[in-house]
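Trainee: Use these hints to put chain Z onto chain G, whose structure you have.
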Amino acid sequence: MIKNTSMVIVLMMTVVLLISIGTPSDAKIVSDQLGRKITVPDNPQRVVALAPSITEIIYALGRENLLKGVTLYSDFPPAAVNLPKVGSYVQLNLEKIVALKPDLCIAIKDGNPRVVARRLESLNIPAYAVDPRNLETVMQTVLEIGNLLNADQQADLLVQRMRSRVLKVKSLVSKAGYRPRVFFQIGISPIVSVGTDTFMHELIVLAGGKNLAKGPVAYPRFSREQVLALSPEILIITSMARAAVFEKVKAEWSRWPNIPAIRDQRIFLEDSNFFDRPTPRLVDGLELLVKLIHPELFDETQ
Amino acid sequence: MKPKTPLLVKRLSIISLSLLLVLLIAMFLGISMGSTTSGIKIVFQSLLKSRESDPMLDTIIWQIRFPRVLLATLVGAALSLGGLVFQALLRNPLAEPYILGISGGSAIGAIIGILIGFSRFPGVSLTAFAGSIAILLLILVMSSGQTILKKDALLLSGVMVNAFCAAVIMFLVSMTQDSRLHNIIFWLMGDLSMVDMGHVGILAAILCPCFILIFWFSNSMNLLLMGKEMAQTLGVNIKSVTVILLVTTSFMVSATVSYCGLVGFVGLVVPHLLRLVFGPDHRVLVPACVLGGGAYLVSCDVLARVLPKQGEMPAGVITAMIGAPLFIFLLKKTRR
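Heads up: the protein sequence lines correspond to chains G and Z, in order. Numbering-wise, the first sequence is residues 248 to 549 according to our numbering. Numbering-wise, the second sequence is residues 2 to 337 according to our numbering.
Same shape as in the complex, but just chain G (with noise of 0.2 Å):
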């Protein structure tokens, strides 16, 4: 019996050892952007990131080294095409995930499916995850996901850059008189425009125009008829549908020229990346919102 119990405790001992052995002793406890308390290596080495938004901030922190995964549709910067694809971010494919050897995976809160986080815990993968909602949660994603990589310096410089370009559009749209109404179209069948609690809205208002979809809906669908009613003076619609594709439904609404956005030929056809991907690139997209929406501004400083 006394024998037994000594064994029993050898044994325990032994596990012990065995795990604190296992535990990584350069690692930290963080809490992510849903609260969630996760240990992540102070030095990731292989990183897989969930979503093409995260894919491309990681590059312009300029840590792609680390970067062993990432996701269909991860398109930008074109070089990001070439590394391992682990599914789309709704579908992931956690095999695919797992094989990549990963010490941590970056998630999006929305799209990528609870159940993957779980999974990916359950196997001891951290996964951060983030939840950008508008530009100043943009910046903080850019600054935790540098802390994380160790590149604090560079996500500083990053948000400081997007913060002074947003100044300046800031300080250029105060001196337009008027906002003219907005309809942004990112569905064409059925034709789907952006509420208020989406980086449209936000980019569109900071643009100095007004979103004729503003609404406690994130993405309301509308009939022709209501479009018609709403009378908007710009029309831009994002797609990542091809150039013909946009020539079809330009002529659809062509067809309705008491439209004022169709009477002064202010229909536009933009990538939609540049607007609902969470990444540094949406000052690029405001940028292009503003020549767009008050293309008088430009003309005066020129």
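Source of the hints: derived by calculation from the structure; they are not laboratory data. Some clues are possibly wrong.
Here are the simulated SDA-like pairs of lysine to any residue, each with C-alpha atoms no more than 25 Å apart in a straight line [to be verified]:
1. Z/Lys229 - Z/Asp282
2. Z/Lys333 - Z/Leu226
3. G/Lys461 - Z/Phe172
4. G/Lys356 - Z/Gly199
5. G/Lys348 - Z/Phe45
6. G/Lys348 - Z/Lys333
7. G/Lys356 - Z/Ser33
8. G/Lys348 - Z/Asp59
9. G/Lys356 - Z/Gly118
10. G/Lys284 - G/Leu370
11. G/Lys356 - Z/Thr177
12. G/Lys356 - Z/Leu116
13. G/Lys348 - Z/Thr177
14. G/Lys315 - Z/Gly40
15. G/Lys497 - G/Ser519
Label pairs and their computed distance ranges (CB to CB) [claimed, not checked]:
16. G/Leu475 - Z/Phe330: 47 to 55 Å
17. Z/Met171 - G/Asp357: 19 to 27 Å
18. G/Ser519 - Z/Ser175: 51 to 59 Å
19. Z/Val278 - G/Lys495: 54 to 62 Å
All C-beta atoms in this analysis are idealised placements derived from N, C-alpha and C, irrespective of residue type, glycine included.
Mentor: Quick look at chain Z alone, frame taken from chain G:
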């Protein structure tokens, strides 16, 4: 249950053992094929704990593929058995939980449970069960009249129930902005990929007693197939047997739906195939359905993992692609 004749026991064990072998082969294939590395060699290395085995591969094989294979086995078994029971009780060779709309009812219940914010177990499983019972009652009410028990009428009502369920699901999905429903469409197609051993354990604890219960009533199902009067004179309490079997089956189906969505036509393909090979005795068919159904869905899931070049597809796509043509073929054959 009547005492078994020695001949039956022998037949049962031979059939069960051979199907068990088939299941084990399918499971072995299931853990050796995947989206990263495939190969039987690496599984052997991992099984034998050989020195060359890579801890990452161990994780992939035992914590990602193995739970998935077990889940496919359980779900395939439950759905095949579901089909077998419905075919016997409704005396209709084309009856199947998915075709009758029982699965669709569970899916509505499960989505409502997800929207309320219940956890997968027991909350969502219970709302799924409630949904399946509601549809079951609807079917029973519709088939209580004499005429509607006819094959075509029952199937037609099933088609309508399914169309209604699909509409309600689309209604719920369109009405909500909930990000939890982002990949609901994928889940609805029968997705087995995001499961861990805890889920498999719970599902096994739910399903195994149901399997045993149905096996207990397998002889009653034989007698029921001979006709209601015949069964009654032979001492089968038709009402209670029917109720117990239908409720058990709906329970099994709703449990599988709340874990991996709608996997269709398994309950049609497997029992038909097994009846063709082993004859109509339910005492043999019940265990055969458990083992064969498991092997069938594991194989379909392997195809779903290996066929797509980019990513994976839900196993339900494969089962429907095999099952729907077979259904049409059987429908034409029974018409003659």
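Trainee: Hint by hint, note whether the structure agrees.
Mentor: Now for the hints, and whether the structure bears them out:
| no. | hint | in the structure |
| --- | --- | --- |
| 1 | Z/Lys229 - Z/Asp282 | 17 Å, holds |
| 2 | Z/Lys333 - Z/Leu226 | 22 Å, holds |
| 3 | G/Lys461 - Z/Phe172 | 24 Å, holds |
| 4 | G/Lys356 - Z/Gly199 | 24 Å, holds |
| 5 | G/Lys348 - Z/Phe45 | 21 Å, holds |
| 6 | G/Lys348 - Z/Lys333 | 53 Å, violated |
| 7 | G/Lys356 - Z/Ser33 | 32 Å, violated |
| 8 | G/Lys348 - Z/Asp59 | 12 Å, holds |
| 9 | G/Lys356 - Z/Gly118 | 17 Å, holds |
| 10 | G/Lys284 - G/Leu370 | 16 Å, holds |
| 11 | G/Lys356 - Z/Thr177 | 17 Å, holds |
| 12 | G/Lys356 - Z/Leu116 | 17 Å, holds |
| 13 | G/Lys348 - Z/Thr177 | 37 Å, violated |
| 14 | G/Lys315 - Z/Gly40 | 24 Å, holds |
| 15 | G/Lys497 - G/Ser519 | 17 Å, holds |
| 16 | G/Leu475 - Z/Phe330: 47 to 55 Å | 52 Å, holds |
| 17 | Z/Met171 - G/Asp357: 19 to 27 Å | 22 Å, holds |
| 18 | G/Ser519 - Z/Ser175: 51 to 59 Å | 22 Å, violated |
| 19 | Z/Val278 - G/Lys495: 54 to 62 Å | 55 Å, holds |
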